[in-house]
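**Student:** Residue strings, one per chain:
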Amino acid sequence: MTILKVDDLRCHYAIDGSVVKAVDGVSFSLEEGEIIGLIGESGSGKTTIAHSIMGVLPENARRSGTISYRGTDLTVLPEHEMDTFRWTDIAIVFQNSLEVLNPVMKVGVQVCEPMIRRRGLGSGEAEVRCIELFRMVGLDPVWMDAYPHQLSGGMRQRVLLAMALSCDPEVLILDEVTSALDAFTRKEIRDLLLDLQRTQQYSMVLISHDISFVSSIASRVMVLYAGRAVEVGPTRDVITAPRHPYTRGLANSTPDIFIYKDMWGIPGDASGGNSDAGCLFRARCTQAIDACRHSSPALMSCGNGWSVACHRGGIASLMAATGITFRYSLPDKRSLVAVDGVDLEVREGEVLALVGQTGSGKSTLAHILAGVLRPDAGEVWFMDSKVHGGKAGHRFGGIQIVFQDPFSSTSNRFTVLDAVREPLDINGIGSRSERLDMVRDALDLVRLPATDLFLAKYCGELSGGQRQRVALARAMIMRPKLLIADEITSALDVSTAANVLRLLKGLQNRRGFAMIYISHNLTLTLKIADRIAVMNAGKIVEVGNAHEVMLTPKDDYTVRLVGSRIGLCCHDHHTEVA
Amino acid sequence: MSMFADDETRSTFAWLPPDIQVIFDRIRSGLSKFSIEGKIGLFGLSLFVMMALFAPVIAGHPPDAITGDSLERPGAGHILGTDELGMDIWAQICYGARMSLLIGLAVAAVAGFGGGAIGILAAYKGGLADQVLLRVIDVTMALPSLPLLIVISAFMGPSVVNVIVILILFSWARPARIARAQTLSVKTHAYIIAARNYGAGSWYLLRRHIFPEVLPILLVLVIGITSHAIVAEAGLAFLGLGDPTSKSWGMMLNYATSFRSIYFTPYWQWWLIPPLVALIALLLCLAFISRDLERVLDPKLRGRRNTE
Amino acid sequence: MRENRAIISRFLLTLMILLTINFFLPRMMPGDPFSLASSDVEGEDVVVMTEAQRAYYMEYYGLDRPLHEQFIIYLKNLAMGDLGKSISNKMPVSGVILIHLPWTILIVLAATIISTIAGIILGTLSARNRKKGVDRFMMAGLIAFAEIPSFLLGLIMLLIFVVQLRLFPIAGAITPFANYTGILDWMGDVARHAFLPVLTLSLSQLTGVYLLTRNTLITVTTKDYIRTARAKGLGERIVWTRHALRNALLPVVTRTGFMVGALMGGSVLVETVFSYPGLGMTLRSAVIARDYPLIQGILLVIAVSILVCNLAVDLIYRRLDPRVVAQGG
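Residue numbers (the numbering used here), protein chains in the order written: chain U, 62 to 639; chain Z, 37 to 344; chain W, 187 to 515.
Any given hint could turn out to be false.
[To be verified] Subject to a maximum C-alpha distance of 27 angstroms in a straight line, what follows is the list of computed DSS-like cross-link-like pairs (lysine-lysine): (1) W/Lys409 with W/Lys317; (2) W/Lys262 with Z/Lys75; (3) U/Lys600 with U/Lys615; (4) U/Lys588 with U/Lys566; (5) U/Lys588 with U/Lys600; (6) W/Lys276 with Z/Lys75; (7) W/Lys317 with U/Lys82; (8) W/Lys409 with W/Lys318; (9) W/Lys262 with W/Lys276; (10) U/Lys447 with U/Lys600; (11) U/Lys82 with W/Lys318; (12) U/Lys167 with W/Lys409; (13) U/Lys82 with W/Lys409; (14) U/Lys588 with U/Lys322; (15) U/Lys615 with U/Lys588; (16) U/Lys615 with U/Lys322; (17) U/Lys452 with U/Lys566; (18) U/Lys322 with U/Lys566.
Hints in this document: simulated from the structure, not taken from any laboratory.
Same shape as in the complex, but just chain U:
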């Protein structure tokens, strides 16, 4: 049964004449015995939500909405009535700071204080219970006579926890309880909280920016951005397969979840003012559309207790291929099925790695997806129009492809300028000087010199790595929404390949385009891919989250593929596969 229900909570602070909307319409409900996590970065409003529930907002704050505890609306209660609920029904462990405890009172006294005043315990009884509480949180009771400044950060945190538990509340709110703690203490606190939930049916609201901690203990999770909830749902689903671009960005920024993947942040900063009408995340979003400018999306359910706040319903599908089949005709009247009934989906802003060995058909599939080859069966849809015969490569925001062999992807006779400018020339985009500027920008993007001298060089004079980058610049000049990179580093030297790959991934993160990265190297793709599709003999044998596919492969072929790694490695890869 629902023990705490927050409905359309809004909190505004009046600071120096302007209004800051710290919380802007957040709703959630907490079931009895449940632990829910509120995840967000600074400015997301999560601490304000905690303080709102307790009713300890500062004077310049205005609160609206309802907060119901067991049916009673706490927001309309006068202070002294609210006091009857504080601590004995809902308690909070505040964020640990130097002055969160009264510096001139011993910590034991402060822990006993609510017991004596709210529960009517005598001071002797309170002390006994205090000793119990201290032991429970892992503190030696001798510290009861200490003053707050004599304790370390971790010890103070435990005192705060003991103090919150002192009156046996029903609901516990925990605000960043692990930020000052080392790994061991963090685990101990987590075990303690789980134990409390199990044995004494505590319900908890866990507030943190530490996704790993929250994911280890909360059953449901709510992601907050700029005072609004952007995604709510079961913890595992939300974090490993997020539906909102912000959640995906958060997961990518956390090294603990997908430990082989390189860490990338979310470009841009959280905006300071939040007084505009549209979606507050759109400046950093990979898939913003016109509607995002006009109104802020509401949380919409997508089933299974999962909701996303996005005008596009979450991370949208960018390209969908269904039933793709392609046959090569061989001279001897036989046909080779290169692609056999492939279904594939690419979503906005994601990196999908297409992994397969020679002859698996991945290049053919890439060409079909790019619209270069026409499939014998099936369709490829890209942003509401069919790809083949369409003009997906002719315009900005379309599909671009970069090929494997740098020496044939650019013409020897073309200068760098000509090569990069080619798509603009073909499609008559922009004036001459505008094209020149765009070429320079594109070259800057790929970290090639944009000088006249370099522009005048012939592609034939460049190295493999440089030519590949020129090809990349040529693709980027059209600002693609989907980039297909077909084995672009396999023909390069190791060090050059690493540089190009990092450049590419950086571009992808910054510009937010989706990418299909085709490779035969599984480990490499683990570093950059969100999802992996494994291809064998024209079929997709397995597709899913990159780490899951790689570390817990289900298909035989994938298992063999993973097991085929050889050579020196930091750990023995025969035992790495679970």
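Assemble chains Z and W onto chain U, guided by the hints.
**Tutor:** Frame of chain U; chains Z and W shown alone:
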């Protein structure tokens, strides 16, 4: 883009080294941000300064000669009347301004900037010198100043120089301590280490980093010391410990209150009130200036002085 | 404990320096302080000493002995409480001091208590009504007050209440030759005489206490532990008294301690204005009369009591604030 608030500043102070120019410029642009009370204070102070400078011209009578009957009412010949000996009171006020301002500014300049310099150097050098200075400052500030002031000036004999010297000895410790604290805090900042890394010498560091941090606070302190010195001198004179030949306002108060029937006669109205009012007015002007200056320099002040 | 020792050692050092200054003072004077006839200020009484008196002072100060012996004699005399004989009063210095000290203590203590209580009340009022009219008005008024030195304030009080309005007596601590009908009548007379000096002294310190209380309270109410106390559902009263005031009043209480010392020193001027026969006024008359033993004695008493007061405050503060104890001073 010029780094000055206006070109006038630049041309006026063009002959000074650039860092000092910047300080003056900051002061000038800060002054323009003064509130009304600050401007009133400045205006009043300048009136007093005028009074002191042009005393011989505006007094009308010499302050130490008998120019009228004893205890004349304010009237045509004597604007504020005369005192017991027949000396013009207005003249005494004018010349008294000289005494107050001279003592106040002399003590403030030497104790304030001198003490500040000692504090900066000790903190900068560190080591034994700094420890010794800290001790000396501690003890100096622990000594009860007023009783000692009274007794020492009683024993040393009344003279303007003595008073100034004694006041300096009692006033230098606070600016020294504050300057020292500021210097210590600046010294720990990473930009000092970075500058040293680039080869900056001591004089450069002092001039470019430390003085600009410390000077604003010292400025505010100096005004405070001026007030204190004026009060101390007036107090000493009032007690009868001042230079009897000097025409300070405190001395006037002393003579007036020593006059046996001062409270039973109307003479206090023109003998006692003018020096009283003059002192209070001067002190209030200084106070207004000091508070405004502190407010204007506020973002640059890191060590706050006590709001006593 | 280490810090206590540092405080005590600083106290002792300052005390020694004080005693040394006190010792050297008369000896720094130009001329002989104990000549048979002295005074060069017209209008003042000429102090004339008999041979017997002069012999006494030679003996008491050991003026015919070398300097370091004089110093030892000086310290010995102090240890025995012998401060010498006052030239102008013709009685022991300690006797003179004991007659006048109680009056000073009376007005100093009264002023301390009044200014502390009034300052705390006004400061709390201001803090609770921050930025509103009450606060602004009090701030402006009291800050202007603080700039006027105490003796000028006293003069103004004197002129208004005594001379113009004739509400209070003009001088003294009690009406001379009065017949009292009882202890209450006596106390009333004392109160009438002490009223203006106490008022002046209180006003001179009021602003300091007021500002300190106000600012400390404002700072404290924004602290995290106040929010914690509120979240515990303890109720406004307990949050305010047990948590807020307890932290905020700490600096105020210590300031009160220092105030006693400051007022002891500053009472000289105020007593002179009101001709109040406390120690301060006695010092002034001693100075005018060039009564050196008396001057030294009074200086010693005033200065030492200030030092002792400050020492007591320093030590007590350490016990009240647990944070200071741990930090190592």
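**Student:** Does each hint fit the structure? Answer for all of them.
**Tutor:** Status of the hints after comparison with the structure:
1. W/Lys409 with W/Lys317: holds (19 angstroms)
2. W/Lys262 with Z/Lys75: With a Cα-Cα distance of about 58 angstroms, the restraint between W/Lys262 and Z/Lys75 is violated, given a limit of 27 angstroms.
3. U/Lys600 with U/Lys615: Within the cut-off at roughly 15 angstroms; holds.
4. U/Lys588 with U/Lys566: At roughly 10 angstroms apart (the allowed maximum being 27 angstroms), U/Lys566 and U/Lys588 satisfy the hint.
5. U/Lys588 with U/Lys600: holds (24 angstroms)
6. W/Lys276 with Z/Lys75: Between W/Lys276 and Z/Lys75 the Cα gap is close to 56 angstroms, so the pair fails against 27 angstroms, i.e. violated.
7. W/Lys317 with U/Lys82: holds (24 angstroms)
8. W/Lys409 with W/Lys318: Measuring from Cα to Cα gives roughly 21 angstroms; hence the hint holds.
9. W/Lys262 with W/Lys276: holds (22 angstroms)
10. U/Lys447 with U/Lys600: Roughly 22 angstroms separates the two Cα atoms, so the pair holds.
11. U/Lys82 with W/Lys318: holds (26 angstroms)
12. U/Lys167 with W/Lys409: holds (17 angstroms)
13. U/Lys82 with W/Lys409: With Cα atoms ~22 angstroms apart, U/Lys82 and W/Lys409 stay inside 27 angstroms; holds.
14. U/Lys588 with U/Lys322: holds (4 angstroms)
15. U/Lys615 with U/Lys588: Answer holds: U/Lys615 to U/Lys588 is near 20 angstroms, not above 27 angstroms.
16. U/Lys615 with U/Lys322: holds (20 angstroms)
17. U/Lys452 with U/Lys566: holds (26 angstroms)
18. U/Lys322 with U/Lys566: holds (12 angstroms)
Going down the numbered hints, you'll see the structure goes against 2, 6, while the others check out.
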